[in-house]
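With the hints as extra help, turn the sequences into a complete structure.
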Amino acid sequence: MSRLYKTIEPSVIDDEMLEEAVKKQGPSGRAGQIAQLEGIEFKDVKHLQLDYRNILKIDNLWQFKTLTKLQLDNNVIEKIEGLNTLTNLVWLDLSFNNIEIIEGLDELVKLEDLSLYSNRISKIENMDSLVNLQIFSIGKNHIDKLENIIYLRRFKRLRTLNLAGNPMCEDEQYSMYIPAYLPTLMYLDFRLIEKTTKEIALEKHHSAVANLMYHEDIAFKKLEKIRLQEEELALHKAAYVEYLNGPGLFNTMFSEDPEAPKLLMLPGVTEFVDIYPFTKAEFTNICQKLFTHGLKGYEKRQKELEHFLECLREAIEENQQKGVKVIKEFEEKNKEQFNEIQHMSDSQLLEIRIKEFRVEVNQLWNKLMSLEMQLVDQLEETMSNFERNISEIVTTYVENVQALIAQCRELENRYNENILEIAMTSYDKMGKNEGEEEMPEELRALFVDKDTVINTVNASHDMHLLKIDNQEDKMVTKANGWAADMIEMLHTDEINRNRKRVLEINIYVSHWRDELDFLELQDTN
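Residue numbering for the sequence shown follows the working numbering, beginning at 2 and increasing consecutively.
Just so you know, not all the hints are guaranteed correct.
Derived lysine-lysine pairs resembling PhoX-like cross-links, with alpha carbons at most 25 Å apart [what the hints assert, rightly or not]:
1. K263 x K468
2. K80 x K146
3. K479 x K301
4. K47 x K80
5. K157 x K205
6. K334 x K304
7. K238 x K475
Read the hints as simulated data drawn from the structure, not as lab findings.
Below is the structure:
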């Protein structure tokens with residue numbers, strides 16, 4: 002059934018709607034009271050139910066960073082959009098809407114269950130990134146070609162598929178075609194696919210499926226090669242050494258040097274480059290050392306960071322366990338005592354017992370806060386050790402980079418000295434009218450005067466040095482920046498953790514104090 006909104010004003014997903022939905026599905030009882038006092042942040046919400054709200058456009062969901070389940074069924078949505086930030090989404094229901102095109106799902110790589118049932122979709126497409134898809138419902142749409150389901154072969158984990166209600170289901174080949182082309186499927190249109198059905202279907206379509214698998218294998222190998230190359234490049238970029246494991250820097254120095262083509266035409270330069278140490282092989286060898294050193298530096302930084310985070314996690318978990326033990330002991334010790342206080346009729350005795358209980362509550366607060374302060378001191382020391390270690394690692398890395406870059410500059414300086422010598426020799430010969438007839442036309446313009454020769458050689462030299470300097474700046478600046486940013490982020494995270502923990506302690510202790518205040522008030526009345 003089409004969902005119409007012409008007679009009803011479409012709803013907008015605004016903060017008011019989101020707050021109402023979050024509150025409605027939030028915790029109940031004491032947990033609900035604490036949630037109301039503390040407030041439920043959108044970034045902490047795991048499930049969000051926005052069905053039957055006449056929503057036309059998906060919007061304003063960017064704050065739900067940890068959301069895993071989203072219900073948007075039974076609305077009037079026309080386009081899949083606004084979901085790019087919901088990267089932790091596992092379950093998404095967009096059934097009973099007005100969607101015509103599958104799109105906007107590229108970032109939902111964790112999605113396992115997707116329902117697009119009862120929309121206006123005519124083609125299955127644009128789902129390549131949903132590598133974890135297990136359940137897919139796209140029944141009651143406008144899909145009319147059986148061949149369209151071949152697209153679903155890429156989803157190796159797909160086990161449940163609903164296509165019922167699409168025009169293609171009327172095709173007499175439907176019941177055999179789907180099991181043949183999707184052999185790993187277990188359930189189709191809410192029914193278990195029998196083993197014998199799969200065997201018969203595969204036999205019937207054996208030739209076509211075999212041909213398809215052959216071409217899929219070729220395509221897969223190409224994609225796998227590209228994927229590995231992209232992963233390798235991503236690693237190299239993270240280590241700030243991309244394209245250094247080859248002649249990349251050398252080639253860039255000359256390809257982006259407008260004077261290089263002219264200078265390389267100078268008489269004797271070709272022979273000089275072939276015999277002198279400043280060759281592509283020599284320069285590339287130093288770059289390879291930079292590359293290897295950069296990767297090792299990256300591995301050391303990551304290893305140190307992982308070790309620190311593990312120490313952090315262990316310290317926090319141990320402290321949390323101690324806190325849980327303190328609270329458990331408090332509740333076990335004082336549960337009966339509090340029950341007795343609640344039923345006391347003797348006012349004087351009640352006052353005494355409440356005072357005693359307040360002492361227990363204050364001691365509880367002191368113990369919990371003491372544990373938190375111990376953890377703060379422990380983490381501060383751990384972080385100081387991390388800062389010192391990471392600083393030493395980065396300093397050593399920078400010193401080695403600068404030493405290797407200095408070798409690159411030395412090669413370039415020697416190369417420049419010899420190029421200048423050759424250029425001036427050629428200039429002198431030109432002045433004596435020697436060898437002019439053998440000189441290319443574009444090279445003659447270089448020898449207008451001595452200053453032009455020197456300026457041209459220097460300009461080429463400056464360009465080469467600039468490329469070398471840029472490489473050094475990138476490796477050094479990014480390594481130092483990474484260390485500074487990481488340390489700042491860790492400090493910020495620790496401050497936020499501490500504030501959150503102190504708030505939790507105060508809320509818990511305040512609950513007991515409020516209960517005691519209530520008992521005192523009742524006794525007064």
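We went through each hint and held it up to the structure:
Between the alpha carbons of K263 and K468 the distance comes to roughly 19 Å, so the proposed pair stays at or under 25 Å and holds. This hinted pair checks out: K80 and K146 have alpha carbons roughly 22 Å apart, not beyond 25 Å. For the given pair, K479 sits about 15 Å from K301 by alpha-carbon distance, which is consistent with the 25 Å threshold. Proposed proximity of K47 and K80 is supported: the alpha carbons are some 23 Å apart, at most 25 Å.
Under the criterion of a C-alpha separation no larger than 25 Å, the hint pairing K157 with K205 is consistent with the structure, at around 22 Å. The hinted pair formed by K334 and K304 fails the criterion: a straight-line CA distance of about 45 Å is larger than 25 Å. For the hint linking K238 to K475, the alpha-carbon distance of about 11 Å falls within 25 Å, and the restraint holds.
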